[in-house]
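Same order as they appear, the protein sequences are chains W and H. Reminder that position 159 of the first sequence reads as 159 in my numbering, one-by-one numbering, no gaps. Just add 307 to the spot in the second sequence (first one is 1) and you have my numbering.
To be clear, the hints were calculated from the coordinates, so they are not data collected in a lab. Careful: at least some of the hints might be erroneous.
As the list claims (entries may be wrong) - Far from chain W, some chain H residues (derived; all Cβ distances over 10 Å): (1) LYS357; (2) VAL396; (3) LEU421.
Claimed, not checked - What follows is a set of in silico ranges between Cβ atoms, one per label pair, in the way DEER data are often shown: (4) W:SER146 with H:LYS411: 17 to 27 Å; (5) H:ARG398 with W:GLU191: 32 to 42 Å; (6) H:GLU435 with W:ARG127: 50 to 60 Å; (7) W:HIS153 with H:SER323: 24 to 34 Å; (8) W:GLN19 with H:GLU379: 33 to 43 Å; (9) W:ARG71 with H:GLY336: 32 to 42 Å.
It should be emphasised that the depicted structure is a prediction, and the values quoted were computed from it without experimental measurement. Glycine is no exception: its CB is placed at the ideal position from the N, C-alpha and C atoms.
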Amino acid sequence: MATAREVKLRIRSVKNIAQITRALQAVSASKVQRAIATVEASRPYATKAWEVLTHIANQPGREQMHPLMARRDEIKNILVVLITSDRGLAGPYNTNVLRYTFKKFDHAPAAVHYATIGRKGREILHRRGKHIIADFSGIPDRPTFSDVSHIGHLLVEEFLSGKADEVYLVYTDFINMLRQNPTAKKLLPLEVEEESRVQQFSPTGGQKVLPAYIYEPDDVEILNQIVPRFTQLQVFHAILESQASEHAARMVAMKNATDNASELADALQLEYNKARQQSITSEMLDIAGGAEALAQAMAAEARKASS
Amino acid sequence: MPIRCEIVSQDRMVWSGEADMVVVPGAGGEMGILPNHAPLLSTLRPGIIKVVHQGEEEYFTVTGGVVEVRPEKVTVLADASEHVSEIDVQRAEAARQRAEELLKQAPPTTAEHLAAQAALQRARIRLEAARRFRPKRGPQIQSGPADEEQG
Numbered sequence: 001m002a003t004a005r006e007v008k009l010r011i012r013s014v015k016n017i018a019q020i021t022r023a024l025q026a027v028s029a030s031k032v033q034r035a036i037a038t039v040e041a042s043r044p045y046a047t048k049a050w051e052v053l054t055h056i057a058n059q060p061g062r063e064q065m066h067p068l069m070a071r072r073d074e075i076k077n078i079l080v081v082l083i084t085s086d087r088g089l090a091g092p093y094n095t096n097v098l099r100y101t102f103k104k105f106d107h108a109p110a111a112v113h114y115a116t117i118g119r120k121g122r123e124i125l126h127r128r129g130k131h132i133i134a135d136f137s138g139i140p141d142r143p144t145f146s147d148v149s150h151i152g153h154l155l156v157e158e159f160l161s162g163k164a165d166e167v168y169l170v171y172t173d174f175i176n177m178l179r180q181n182p183t184a185k186k187l188l189p190l191e192v193e194e195e196s197r198v199q200q201f202s203p204t205g206g207q208k209v210l211p212a213y214i215y216e217p218d219d220v221e222i223l224n225q226i227v228p229r230f231t232q233l234q235v236f237h238a239i240l241e242s243q244a245s246e247h248a249a250r251m252v253a254m255k256n257a258t259d260n261a262s263e264l265a266d267a268l269q270l271e272y273n274k275a276r277q278q279s280i281t282s283e284m285l286d287i288a289g290g291a292e293a294l295a296q297a298m299a300a301e302a303r304k305a306s307s
Numbered sequence: 308m309p310i311r312c313e314i315v316s317q318d319r320m321v322w323s324g325e326a327d328m329v330v331v332p333g334a335g336g337e338m339g340i341l342p343n344h345a346p347l348l349s350t351l352r353p354g355i356i357k358v359v360h361q362g363e364e365e366y367f368t369v370t371g372g373v374v375e376v377r378p379e380k381v382t383v384l385a386d387a388s389e390h391v392s393e394i395d396v397q398r399a400e401a402a403r404q405r406a407e408e409l410l411k412q413a414p415p416t417t418a419e420h421l422a423a424q425a426a427l428q429r430a431r432i433r434l435e436a437a438r439r440f441r442p443k444r445g446p447q448i449q450s451g452p453a454d455e456e457q458g
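Bound conformation, chain W alone (with noise of 0.2 Å):
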């Protein structure tokens, strides 16, 4: 059994990793608040975008809009951008987004190519021997569109190249606190649903039907302002939702390894003490004995004298 003071060393280590792993969470907390507000300021573009995209692609007579909106016929490469975290103790977080990944496009019948944000996916996926055209890692924690918009711009040009002829974005959607689901989503060719959607998006909702516009200069010109912008801008929301989520992972991972070492404190305390008790215990013993050793001499000391 350890002595007493080899428990107190223990129990103050112990207590020195729960106090780190509460302020991780602590800070982890704090970043999901931030990384949702940023989703829901970006909102209102993304859905005003949406509805003048869908708007203009519905036009009658329009079926090749914009080379960005066009399907390609013959899919021989895809390209997969996959979003994880730069650090790890985030729990299960980087384990599902990549397990995800490889049950998705291990099969693909196309060759298929990766673009990394994320050091975490990297480093597995090098070692998994992918073929990475890109790595973005190192975004910050807090970015804002223009820390990320070049990422949505190579996209683009890959598939205009024809590098590429889907391409995809793997991240991890924010569900609450305690789910977050990786998701994957086609971003090109962008894919415009029926007239529907418009309906759903406009601010009244129900039966309004947009009115006839006039453009200017005309409505290619417009969409190529707006295509690659929507792009980019997807490409930011799936990382902000993927920051949320990997914030949110870590925030309960820190929260059980918190709740571990407490338990683990108390249990050591308690060990502590029964080493003390029994120290103190062997001790008395110990003046005991002694005593009890002198008072027999002192009494066989005594008879000695007497007889």
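Dock chain H against chain W, hints included.
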């Protein structure tokens, strides 16, 4: 009857409110939008947006984007936009100088040249907006020396 006006960029809502008139730098030139305007979609050139509401004027820079006009609502989808009071004059001035340097170095018609030209234009618009429309009173930072040599 005022017209509802929203200026949104990709990462935030820059401004929203009721306006009596909105002037935007449209593809075909400056375009004043009054309530009950015909539905219109136009691209935007880099420039300055003016919003008139209740006799007051608000100015915003915009680096490009799209404007959607409906009879009761104007929505600006801006690539980047800021209110004049948010402009960082020092930063814009630094950006202008950097862009001018780049412009001298990069051979014309290359991508770098075009990018530098665009950057220069953005910086100039910011500086101009700050110089012309920023309120002179109040606790706002007075335009620094960098701004004066501009004028």
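Going through the hints against the structure:
Annotated as non-interface, H:LYS357 keeps its C-beta farther than 10 Å from every C-beta of chain W; the closest such distance is 18 Å. Non-interface status of H:VAL396 relative to chain W is upheld: no Cβ of that chain comes within 10 Å, the nearest being about 19 Å off. Distance check for H:LEU421 against chain W: the nearest CB is about 14 Å away, which clears 10 Å, and the non-interface claim stands. Between W:SER146 and H:LYS411 the C-beta distance comes to about 25 Å, which sits within the given range of 17 to 27 Å.
For the hinted restraint 32 to 42 Å between H:ARG398 and W:GLU191, the CB-CB distance of approximately 39 Å keeps it satisfied. H:GLU435 and W:ARG127 have their C-beta atoms about 53 Å apart, which keeps the hinted 50 to 60 Å range intact. Roughly 29 Å separates the CB atoms of W:HIS153 and H:SER323, a value that falls within the hinted 24 to 34 Å. Remark: the range hint 33 to 43 Å for W:GLN19 to H:GLU379 is contradicted by a beta-carbon distance near 57 Å.
Evaluation of the 32 to 42 Å hint for W:ARG71 and H:GLY336 yields a pass: the beta carbon distance comes to about 37 Å.
In this structure, the one hint that does not hold is number 8.
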